[in-house]
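Chemist: Residues per chain, in single letters:
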Amino acid sequence: MCHQTVSLIARHLEQNGIPTVVIGSARDIVEYCGVPRFVFTDFPLGNPAGLPWQPDMQRAIVAQALDLLETATAPRTTVVAPFAWNGDPGWRSVYNRVTPENADALRALGDERRRKMLARKPVKD
Amino acid sequence: MDDPGQPVAYMERTRAYYRALGYKADYVWAHHDDVPFTRLAKPLAASRVALLTTASPLDASNKDAKGWRHVWSAPVDPAPDKLDTHDLSWDKETTHTNDRESFLPLAAARRLAAEGRIAGLTPRFHGVPTEYSIRKTRTQDAPDALTRLHEDGADAAILCAL
Numbered sequence: 019m020c021h022q023t024v025s026l027i028a029r030h031l032e033q034n035g036i037p038t039v040v041i042g043s044a045r046d047i048v049e050y051c052g053v054p055r056f057v058f059t060d061f062p063l064g065n066p067a068g069l070p071w072q073p074d075m076q077r078a079i080v081a082q083a084l085d086l087l088e089t090a091t092a093p094r095t096t097v098v099a100p101f102a103w104n105g106d107p108g109w110r111s112v113y114n115r116v117t118p119e120n121a122d123a124l125r126a127l128g129d130e131r132r133r134k135m136l137a138r139k140p141v142k143d
Numbered sequence: 007m008d009d010p011g012q013p014v015a016y017m018e019r020t021r022a023y024y025r026a027l028g029y030k031a032d033y034v035w036a037h038h039d040d041v042p043f044t045r046l047a048k049p050l051a052a053s054r055v056a057l058l059t060t061a062s063p064l065d066a067s068n069k070d071a072k073g074w075r076h077v078w079s080a081p082v083d084p085a086p087d088k089l090d091t092h093d094l095s096w097d098k099e100t101t102h103t104n105d106r107e108s109f110l111p112l113a114a115a116r117r118l119a120a121e122g123r124i125a126g127l128t129p130r131f132h133g134v135p136t137e138y139s140i141r142k143t144r145t146q147d148a149p150d151a152l153t154r155l156h157e158d159g160a161d162a163a164i165l166c167a168l
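Sequence lines, in order, name chains A and B. Residue numbers for the first sequence follow my numbering, beginning at 19 and rising by one. Residue numbers for the second sequence follow my numbering, beginning at 7 and rising by one.
Same shape as in the complex, but just chain B:
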């Protein structure tokens, strides 16, 4: 039974779930002793912020011929009302993702830009594929996302996990 006051133990939950699915080996989660840290290079009010999501475009244009997903980008204005979250693992019994702002808060960020909290958003938001392969994320998707943020002149990034 879960303690109602405690965060869900998702790694433990996932371990039990995948054993029930019949997988022989437990998933090995990414773990690091050291964590990088970079300070803002300019005041927040002068900074341009990029938003990243793990959702996909509705037209599946982030998938290659073999079905593998890749990093993708789309304009923040106009932003798509809906994104595809079907393939991702979230609590589909309890909630929904019909409100894009609940997982990719572009309008909320724009409100804060209008209030002067940040200089603005980058012209595009970016989608990163959720992968079991830590290596693929590290060696392919993370460098790809970095390149796109550099292209957009991002000073900082907010990453929202579904």
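Next up, chain A with everything else stripped away, as it sits in the complex:
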């Protein structure tokens, strides 16, 4: 949801005269929402601006975002950061995975979330 949130905020800022660039790792969500400029970092969710404790990579990604502010000539311009995740090569399968083994635990987690939400006044959408 973070990627949708920043995409919606970017659109609003842009509509009101402030050029924006989104840095993120969920390409499908950002591009489905539609933003003016997007730097895609193909990492696990959590480190969109570069791997932890790698300041030169982080600087390069911000520089790429700034370049995009200057060079993009049309909306929906996406560039891909030239870096790869350096940890578990199977990371793409990890986030929010659903397996027969965790089905009962996920159902219980959902029940708990619904109980908590009932205790709060919802914002109507």
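Calculated directly from the structure, the hints in this document are not laboratory data. Check each hint, because a few of them may be wrong.
[Claimed, not checked] Where chain A lies over chain B, by a calculated footprint (3+ residues, C-beta under 8 angstroms):
#, region
1, 83–91
2, 98–109
3, 156–162
What you are looking at is a predicted structure, and each value in this text was computed from that prediction instead of being measured. Quick reminder that beta carbons are idealized off the backbone N, C-alpha and C, glycines included.
Go by the hints and put chain B onto chain A.
Modeler: Okay, now just chain B, sitting in the frame of chain A:
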């Protein structure tokens, strides 16, 4: 099985996950045919840039009495070393957010300012709450963020999603 060379299909992944949690209706993601586009009003080297994050302050001061999060702001200098990302949905099995620069790169941006790439950062960075409600983001949080960027004299913005 995920293709190792392809970006993760997060919308599809999320759909399966929420069905497994027992939600009856699939989430409807925001989608637009038209995308706004604004060019820089001045050269990048003369532009003041704002950074935005979806993280929260450690003291939870962005939450109201009912637990709803709101837009918040904090100085970029000195910037907090840590921010709260616990409530957000990111890959907690694979990575961590102990290095704030990995999701809110204030020092990296300051380095680029020192190199003359931009005029500088705005005095504050801003936090926007991640919400399921598209309407809340559009009608409350986005206008609030815009007001704060105007107050800070932002010429452009970098938004980092966790």
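Chemist: When the structure is checked against the list of hints, which entries are broken? Sort them ascending.
Modeler: Number 1 - this is the single hint that the structure violates.
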